[in-house]
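Same order as they appear, the protein sequences are chains A and B. Here the first sequence is numbered in our numbering, starting from 1259 and rising by one per residue. Here the second sequence is numbered in our numbering, starting from 13 and rising by one per residue.
Hints are computed from structural coordinates only; laboratory data are not their basis. Any given hint could be a false lead.
Unchecked claim - Cut-off 25 Å, straight-line C-alpha distance, at most; resulting in silico cross-link-like pairs (DMTMM-like, lysine to aspartate or glutamate):
no.: 1; chain 1: B; residue 1: K25; chain 2: B; residue 2: E87
no.: 2; chain 1: A; residue 1: K1310; chain 2: A; residue 2: D1325
no.: 3; chain 1: B; residue 1: K69; chain 2: B; residue 2: E108
no.: 4; chain 1: B; residue 1: K69; chain 2: B; residue 2: E87
no.: 5; chain 1: A; residue 1: K1327; chain 2: A; residue 2: E1272
no.: 6; chain 1: A; residue 1: K1310; chain 2: A; residue 2: E1324
no.: 7; chain 1: A; residue 1: K1261; chain 2: B; residue 2: E113
no.: 8; chain 1: A; residue 1: K1310; chain 2: B; residue 2: E108
no.: 9; chain 1: A; residue 1: K1327; chain 2: B; residue 2: E113
no.: 10; chain 1: A; residue 1: K1261; chain 2: A; residue 2: E1272
no.: 11; chain 1: A; residue 1: K1310; chain 2: A; residue 2: E1272
no.: 12; chain 1: B; residue 1: K69; chain 2: A; residue 2: E1289
no.: 13; chain 1: A; residue 1: K1310; chain 2: B; residue 2: E94
no.: 14; chain 1: A; residue 1: K1327; chain 2: A; residue 2: D1269
no.: 15; chain 1: A; residue 1: K1261; chain 2: A; residue 2: E1313
Claimed, not checked - Far from chain A, some chain B residues (derived; all Cβ distances over 12 Å):
no.: 16; residue: A14
no.: 17; residue: L23
no.: 18; residue: R27
no.: 19; residue: Q29
no.: 20; residue: V31
no.: 21; residue: S34
no.: 22; residue: G40
no.: 23; residue: Q49
no.: 24; residue: E60
no.: 25; residue: F76
no.: 26; residue: N89
no.: 27; residue: E94
no.: 28; residue: L95
no.: 29; residue: T109
no.: 30; residue: T125
It should be emphasised that the depicted structure is a prediction, and the values quoted were computed from it without experimental measurement. For every residue, glycine included, the Cβ atom is placed at its ideal position computed from N, Cα and C.
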Amino acid sequence: DAKTTQPPSMDCAEGRAANLPCNHSTISGNEYVYWYRQIHSQGPQYIIHGLKNNETNEMASLIITEDRKSSTLILPHATLRDTAVYYCIVRLTNTGNQFYFGTGTSLTVIP
Amino acid sequence: KAGVTQTPRYLIKTRGQQVTLSCSPISGHRSVSWYQQTPGQGLQFLFEYFSETQRNKGNFPGRFSGRQFSNSRSEMNVSTLELGDSALYLCASSLETGGYEQYFGPGTRLTVT
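Generate the whole structure from the sequences, applying the supplied hints.
So, in structure tokens, the structure goes:
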């Protein structure tokens, strides 16, 4: 599975959009981009995933660049409850369900 | 639909003992994966079970083992506990194997003294 690079920490004002970047320059054509988040001491929570097209669900939007070498997770209106560590994961879909979590981005939403 | 449940939530064991942790997946989910989370190593994949068979295994010693029952419930066992095994052990379930999103339980906090 390709490696990902994320900034270690970010701040975002409450009510503003939080844009979390992820670089995955070695991604291959059949690898998906997944995002999870982990609120302190809880199990990780699935957010969204995509292959090449932008995706949106009730939690967030995922923007993948045309060359697929990077992506951005967007939380449109960040709340204090969005303070968490966000993990960007790139993985094949036919190799079982093991996810390799990196160090993630610690997002702090500031009141 | 109930989420993933893990028991016990907290556990204290002594070095050299063994421990068994339990995971009940979301109803209808057939794949169960286990992860270890420590401050130093982060989240690391242990193994995945699907249809009572181990599908994938991470880079952990043989002291770590698991199994899955016909109702998809899973257990993991750690024998001859070491101080370094102190961690949050997380279980995740998914509908099938091979690229489906995983839903994590709250974890079991194991402390080895």
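So, going through the hints one by one against the coordinates:
1. K25(B) with E87(B): holds, 17 Å
2. K1310(A) with D1325(A): holds, 9 Å
3. K69(B) with E108(B): holds, 17 Å
4. K69(B) with E87(B): holds, 15 Å
5. K1327(A) with E1272(A): Not satisfied, since the Cα-Cα distance of roughly 29 Å exceeds 25 Å.
6. K1310(A) with E1324(A): The given pair, whose Cα atoms are some 7 Å apart, holds under the 25 Å limit.
7. K1261(A) with E113(B): holds, 19 Å
8. K1310(A) with E108(B): holds, 23 Å
9. K1327(A) with E113(B): Since the Cα atoms of K1327(A) and E113(B) sit roughly 22 Å apart, the hinted pair holds (cutoff 25 Å).
10. K1261(A) with E1272(A): violated, 30 Å
11. K1310(A) with E1272(A): Distance of about 30 Å is beyond 25 Å: violated.
12. K69(B) with E1289(A): holds, 20 Å
13. K1310(A) with E94(B): Violated. K1310(A) to E94(B) sits at ~44 Å, over the 25 Å cutoff.
14. K1327(A) with D1269(A): holds, 24 Å
15. K1261(A) with E1313(A): holds, 21 Å
16. A14: holds, 14 Å
17. L23: holds, 15 Å
18. R27: holds, 24 Å
19. Q29: holds, 24 Å
20. V31: holds, 19 Å
21. S34: holds, 15 Å
22. G40: holds, 15 Å
23. Q49: Violated, since 9 Å does not exceed 12 Å.
24. E60: violated, 5 Å
25. F76: Consistent with the label, F76(B) stays out of reach of chain A, its closest Cβ about 14 Å off (over 12 Å).
26. N89: holds, 19 Å
27. E94: The assertion about E94(B) holds, with a minimum of 22 Å to chain A.
28. L95: holds, 20 Å
29. T109: The assertion about T109(B) is violated, with a minimum of 5 Å to chain A.
30. T125: holds, 20 Å
Checked against the numbered hints listed earlier, the structure breaks hints 5, 10, 11, 13, 23, 24, 29; every other hint is satisfied.
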